[in-house]
Amino acid sequence: MDFGTLLGLAQSAAELGLICSLTALSLYLSYSMLNVCDLSTDGCFTLGAVVGANVSLNGHPFLALPAAMLAGMLSGFVTGFLQTKMGVNSLLAGIIVNTALYSVNVAAMDGASLIPLNKADTVFTKAKGLLEGSFIEEQYKLLAVLVIVAAAVAVLVAFLKTKLGMSIRCAGDNPDMVRSSSINIVHMTIIGLCASNALTGLSGCLMAQAQKSVDINLGNGMLTIALASLLIGRTLMGRGGLALGGVGVVVGAVIFRLVYAAALRLDMPAFMLKAVSSVIVVAAISLPYLKASWEVLLRKIRHKRRGPADA
Amino acid sequence: MLRLENIEKTFNPGTPNAKTAIRGLSLHLEKGDFVTIIGSNGAGKSTLFGAIAGSFLTDSGSIYLDGRDITFDPEHKRAKQIGRLFQDPLRGSAPNMTIEENLFLASRKGGAMSRIGRADREMFKERLRLLDMGLESRLTSKVGLLSGGQRQALTLLMATMVTPKLLLLDEHTAALDPGTAEKVLKLTRSIVENSGITCLMVTHNMHQALELGNRTLMMADGGIVLDIKGESRSSLTVNDLLEMFKKEVGQGLDNDRMLLS
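Protein chains in written order, with my numbering: chain A, 1 to 311; chain B, 312 to 572.
In isolation and in its complexed conformation, chain A is listed as follows:
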């Protein structure tokens, strides 16, 4: 295989990574900041894709993005409302919304399980038209998604530094403190989930536009894949500032896709994607934990070896 093909593969892996990095950024807000594990991510991703596809099919490729974000926000609002105002456990709230979203998505797809977007204009076809004839013509997809992701990171980081963003972070960082402060923890949880799911919706919409089709299972496994990206990013960037963390998440998502693409070239079957992402998530979460228990185990062994003390 020649260098050009490899570069092409890397480019499409990077595009995919950047698109999914928006979902990872969504978890950066809900999982890392707000400390809520939002299990509605998969369904919300598909929701964004379906809504985006429908709006695109109606001739509004750009309007599709805010529309998908709005749909994501609504879904996040329901998840947040269930767990703060209806007494539903937060994990359960996500699962319930995820299940319900399947029906919503099929309904929004008019009962079909696939929407082709071949004839519709997308932000990517628009970008292609714009760049036609220039030397970066071939990279139209990468550039378009790069611009959108850069904007999303900038807006998210700026948002986290506003009073509202700080209040959301505070609600995740020290709920005890927030409960006895004037910050309304219920509002913060709901607003945080709305913002985070808006990003997931946007991510789904871009995925639909990039691959020119949506099927009902598009979002399956997105949560784990995004979580893997997030944890890779965190390992790379450490616990630096907010901006560094946000960029780290994006870099993590791209690295995840690049490694995955490389594994595919080495004959790993494509269906392994979800298993690989699960293993990465488990490793990233468990390794620090196992390291601690390992040290205790070593101490125990050394202790035993020394034998009983002479009493």
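If you are wondering where the hints come from, they were derived from the structure by calculation, not from laboratory data. Backbone N, C-alpha and C fix where the C-beta goes; we use that ideal spot for every residue, glycine too. Mixed in with the good hints there might be a few duds.
[What the hints assert, rightly or not] Sample of chain B residues at the chain A side, in silico, Cβ under 7 Å: (1) Ala-390; (2) Gly-403; (3) Ala-423; (4) Met-424; (5) Ser-425.
[What the hints assert, rightly or not] Counterexamples of contact, computed for chain A against chain B with all Cβ distances above 12 Å: (6) Gly-87; (7) Lys-119; (8) Glu-132; (9) Ala-171; (10) Lys-274.
Chain A is already provided as a structure; the job is to place chain B on it using the hints.
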């Protein structure tokens, strides 16, 4: 300023673990009162604070703050007027956020989209200088890096940044080493006196209970058994206090952390 009328609170009602933590308690505080509270373990001191701050609703009775009925106000709404410090210095600030971010949230300035500005930073530095802990040069340090004493001092600053109508101090120096505790207490005194904040302080230090403030309450079994103020208080010694308690309750003051000195 603060008026409690016949408040009651039973935890786990109707179960074998039912515990009446507050029974028919009434209390009236004047504006600017600095009241110290002492009592045995389980006398209901912390429950009283929880009831005032709104951590839970009382089973019966009414609570008025500055003439307004706050009996059913949610905790975060009361927190706009009530500052609260706990014994655990980690409870009052967000460890993964910077000092300036914590202070900014406490200052409650600006709208939802406002950001920390230069003027804010100057104001934070000025306030932090009062603590005399060198924190004014560490505005962008994460709060999790501070010592317990530094965090409690910061929490005190945050709780009084917007002058509250009422300040609740729940043994807020008990978990600190003696030197730091002294410093935080001094700071508490100067802030409370300078701003004329009405203040309730639980302490296990009998000496402190008499020395600080203008009124001392003794609690036992969910009620107030002694209320000492005015002239009778200024001549009182720790021994007198213990005697009075024994006479009133029929048994000695039993608090495993009690300091008599």
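Tested hints:
1. Ala-390: Nearest chain A Cβ about 4 Å off; hint holds.
2. Gly-403: 6 Å, holds
3. Ala-423: 4 Å, holds
4. Met-424: 5 Å, holds
5. Ser-425: 5 Å, holds
6. Gly-87: Non-interface label stands for A:Gly-87: nearest chain B Cβ at 16 Å, farther than 12 Å.
7. Lys-119: About 41 Å separates A:Lys-119 from the closest Cβ of chain B, which puts it past 12 Å; holds.
8. Glu-132: Since the minimum Cβ distance to chain B is about 39 Å, A:Glu-132 lies beyond 12 Å and the statement holds.
9. Ala-171: 9 Å, violated
10. Lys-274: 31 Å, holds
Checked against the numbered hints listed earlier, the structure breaks hint 9 alone; every other hint is satisfied.
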